[in-house]
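Visitor: The residues making up each chain are set out below.
Number of protein chains: 2
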Amino acid sequence: MNLKEKEKFMARAISLAQRAKGKTAPNPCVGAVLVKEGKVVASGYHRGYGLPHAEVEVLKDARKKNIDPRECALFVTLEPCNHFGKTPPCTKAILEAGIKEVYVGALDPNPQVEGGGARFLQSKGVQVETGILQAQCTDLIRDFYLWKIEKRPFFYLKLASTLDGKIATSTGHSNWISSEKSREKVHQLRKKVQAVLVGGNTFVQDNPKLTVRKAKSKKQPLALILTRKLPAEASYYLLQQRPEETIFFTLESQENLRLQKKISELGSKVVFLPVKNNSWDLKAMATWLWNNNIFYVLVEGGGFIAQKFLEYQLADEIWLFLAPKILGDAGAISSFWGRSIKTIDEAYTLSYQKVTSCGEDLLLILKP
Amino acid sequence: MNLKEKEKFMARAISLAQRAKGKTAPNPCVGAVLVKEGKVVASGYHRGYGLPHAEVEVLKDARKKNIDPRECALFVTLEPCNHFGKTPPCTKAILEAGIKEVYVGALDPNPQVEGGGARFLQSKGVQVETGILQAQCTDLIRDFYLWKIEKRPFFYLKLASTLDGKIATSTGHSNWISSEKSREKVHQLRKKVQAVLVGGNTFVQDNPKLTVRKAKSKKQPLALILTRKLPAEASYYLLQQRPEETIFFTLESQENLRLQKKISELGSKVVFLPVKNNSWDLKAMATWLWNNNIFYVLVEGGGFIAQKFLEYQLADEIWLFLAPKILGDAGAISSFWGRSIKTIDEAYTLSYQKVTSCGEDLLLILKP
Chain W
1 MNLKEKEKFM
11 ARAISLAQRA
21 KGKTAPNPCV
31 GAVLVKEGKV
41 VASGYHRGYG
51 LPHAEVEVLK
61 DARKKNIDPR
71 ECALFVTLEP
81 CNHFGKTPPC
91 TKAILEAGIK
101 EVYVGALDPN
111 PQVEGGGARF
121 LQSKGVQVET
131 GILQAQCTDL
141 IRDFYLWKIE
151 KRPFFYLKLA
161 STLDGKIATS
171 TGHSNWISSE
181 KSREKVHQLR
191 KKVQAVLVGG
201 NTFVQDNPKL
211 TVRKAKSKKQ
221 PLALILTRKL
231 PAEASYYLLQ
241 QRPEETIFFT
251 LESQENLRLQ
261 KKISELGSKV
271 VFLPVKNNSW
281 DLKAMATWLW
291 NNNIFYVLVE
301 GGGFIAQKFL
311 EYQLADEIWL
321 FLAPKILGDA
331 GAISSFWGRS
341 IKTIDEAYTL
351 SYQKVTSCGE
361 DLLLILKP
Chain Z
1 MNLKEKEKFM
11 ARAISLAQRA
21 KGKTAPNPCV
31 GAVLVKEGKV
41 VASGYHRGYG
51 LPHAEVEVLK
61 DARKKNIDPR
71 ECALFVTLEP
81 CNHFGKTPPC
91 TKAILEAGIK
101 EVYVGALDPN
111 PQVEGGGARF
121 LQSKGVQVET
131 GILQAQCTDL
141 IRDFYLWKIE
151 KRPFFYLKLA
161 STLDGKIATS
171 TGHSNWISSE
181 KSREKVHQLR
191 KKVQAVLVGG
201 NTFVQDNPKL
211 TVRKAKSKKQ
221 PLALILTRKL
231 PAEASYYLLQ
241 QRPEETIFFT
251 LESQENLRLQ
261 KKISELGSKV
271 VFLPVKNNSW
281 DLKAMATWLW
291 NNNIFYVLVE
301 GGGFIAQKFL
311 EYQLADEIWL
321 FLAPKILGDA
331 GAISSFWGRS
341 IKTIDEAYTL
351 SYQKVTSCGE
361 DLLLILKP
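In order, the protein sequence lines correspond to chains W and Z. Here the first sequence is numbered in the working numbering, starting from 1 and rising by one per residue. Here the second sequence is numbered in the working numbering, starting from 1 and rising by one per residue.
By construction, these hints were calculated from the structure, which means they are not laboratory data. Computed from a predicted model, the values in this text were never measured in an experiment. The reader is advised that the hints may include incorrect statements.
It does not matter which identical chain is meant; a pair holds if it fits inside one copy or across any two.
Calculated cross-link-like contacts (lysine to aspartate or glutamate; reagent style DMTMM-like; alpha-carbon spacing at most 20 Å) [stated by the list, open to error]: (1) Lys-214 / Glu-96; (2) Lys-216 / Glu-180; (3) Lys-181 / Asp-345; (4) Lys-342 / Asp-206; (5) Lys-276 / Glu-245; (6) Lys-261 / Asp-345; (7) Lys-276 / Glu-252; (8) Lys-342 / Asp-139; (9) Lys-124 / Glu-180; (10) Lys-262 / Asp-345; (11) Lys-216 / Glu-129; (12) Lys-209 / Glu-180; (13) Lys-151 / Glu-114.
Throw the hints in and build the complete structure from the sequences for me.
Guide: What follows is the structure, given as structure tokens:
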């Protein structure tokens, strides 16, 4: 088999893996195909947490189709596991099936087990080749890497700004910077996550619902409010309508300790974060969320919060809806603010991952 | 011939026209093909000011190839002229060649002659169809429309900004926001224009050359400085090295009248603009440039100048090099500033025309 063919089959495994993207947390999404005489003859992917791994699924599919796996090559996006977890190790299933040829995309991100599954198979006489479409396969499990190694959620950072980097006028007016279609897209993104986070200013000024509305969804994401000051009034939508689904992250102060009681009585949670650089320690918040099984979070700003997430290197994927509009007003509110720098070298540097049209806007997806 | 075929031939004529884009000023760029039995058999375009029109060129090509134009349909991006200018009317050439079928893209933008050429040909028994790929053909001569109807140059507005709309840090540092490749591209753009304009702040802070460097060019564009205050020192590069190619646009004041003398002695021109809304009347500047046969100008900012061009609806094409960087500092210098607005409805609204990668950056081309 030449490299081009190998990459074609791995690409097919990747597209299978993507079907369950977001549903496998905190497991990785993984796809696999069996190839015989230059053709994909069976396929499978890890469908969700606690369910069989991709390797087991593809073997099940082969059995159903009366394909003998001994005559096939296996392509799998992630190195097969070699340990007992919720399910028996996949290396065992591969050996029992009699597969002689295995192609792996990414190695296990855990440095303690990286290469272990591949080496074990090789020691049993299986021909193993790793690194087929490695960059894409690694990208597929960027979230898994964060859960496993950094023990924190994957954070999406979403913004809607003008070409001159403004998210509202100086008076706070922002309806609407982005197009109808862009706003719909945000609701599709909300559907993917377990929690939506906004800052205290947005909470007070916009009185948001933070629900999925323009897209169908069974469950609403939690509402996370990151604020210096807890709200003194109970009239806000989230406190009235969704108190049990709302969590406040704040700093300890006499005032906040006093308000905490009122908020707790309404049914919302208050979490006090340690102080770092005179502000919240966002790493501590990230750990708290992970400990509470929150694996995907959508951060919807404002500009100070957005900048803080960059500072903490917690913006894993930035979705910038760029409206073809210009305010031309330096006093309008910036998409990122809160620090003071002297040279361009101090800029946060990202890279474009994907650029698409979204109504009249552009949707720029960036990663660090 | 069905519409799809007609559009295919017109697209060919458009691509011919584009070959001379920028070289025909203040004439429009025009392309033409002759089609016989479903095939392009001859082609031509207007190669430059004072040279034969596209219709004459395509007929010349046909003669060279021994094609009889009487058996052909003519496709031309712009309505054939019906008056004596530098050359005899093209309607005459078409009739003399015996062409029976003419397809036109855009009608003449001059309301006084619009449709005249098409109607004249029809009155002589030629079958004329107008509006084939009309939007593209009209777009092709947007510059010509401005020269002819608005009697002003075509202005490109170029910026290099971060994702948060900043063109420099608060201390004025801007080397480099955009990638090497983007900076090269700017020099290619400079090559297309007859003049490059910057504001007084840029003149003082950057001491720019405003020459074409990273691309080959025979002739350097003029340097235009739009400023409230004429420079008091003669040490600037433009005044030392390119005084004859430098023009200052400013407002009348005792100080400026005094400095004008010094500047004139060095060889540079000073033009006093009328005052409008406590600033320069840019319409007057545009007229001055047109009167001086300057048809393409590249405006390179800064942010106040850029905003002023939007205010005067003089930004005909915006080239925004968007670096994947974020400063996160509200005090840094905005890409557009100088006015104060309350609601998003007051934003300048544009539309994306083209989006391409340029090194690590995106190049967004927008039009009003």
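Visitor: Each hint: holds or not?
Guide: Hints and how they fare:
{"no.": "1", "hint": "Lys-214 / Glu-96", "verdict": "neither (48 Å within a copy, 63 Å between copies)"}
{"no.": "2", "hint": "Lys-216 / Glu-180", "verdict": "within (17 Å within a copy, 45 Å between copies)"}
{"no.": "3", "hint": "Lys-181 / Asp-345", "verdict": "between (35 Å within a copy, 18 Å between copies)"}
{"no.": "4", "hint": "Lys-342 / Asp-206", "verdict": "between (33 Å within a copy, 17 Å between copies)"}
{"no.": "5", "hint": "Lys-276 / Glu-245", "verdict": "neither (27 Å within a copy, 56 Å between copies)"}
{"no.": "6", "hint": "Lys-261 / Asp-345", "verdict": "neither (46 Å within a copy, 42 Å between copies)"}
{"no.": "7", "hint": "Lys-276 / Glu-252", "verdict": "within (12 Å within a copy, 55 Å between copies)"}
{"no.": "8", "hint": "Lys-342 / Asp-139", "verdict": "neither (34 Å within a copy, 42 Å between copies)"}
{"no.": "9", "hint": "Lys-124 / Glu-180", "verdict": "neither (57 Å within a copy, 52 Å between copies)"}
{"no.": "10", "hint": "Lys-262 / Asp-345", "verdict": "neither (46 Å within a copy, 39 Å between copies)"}
{"no.": "11", "hint": "Lys-216 / Glu-129", "verdict": "neither (42 Å within a copy, 49 Å between copies)"}
{"no.": "12", "hint": "Lys-209 / Glu-180", "verdict": "within (18 Å within a copy, 45 Å between copies)"}
{"no.": "13", "hint": "Lys-151 / Glu-114", "verdict": "within (17 Å within a copy, 69 Å between copies)"}
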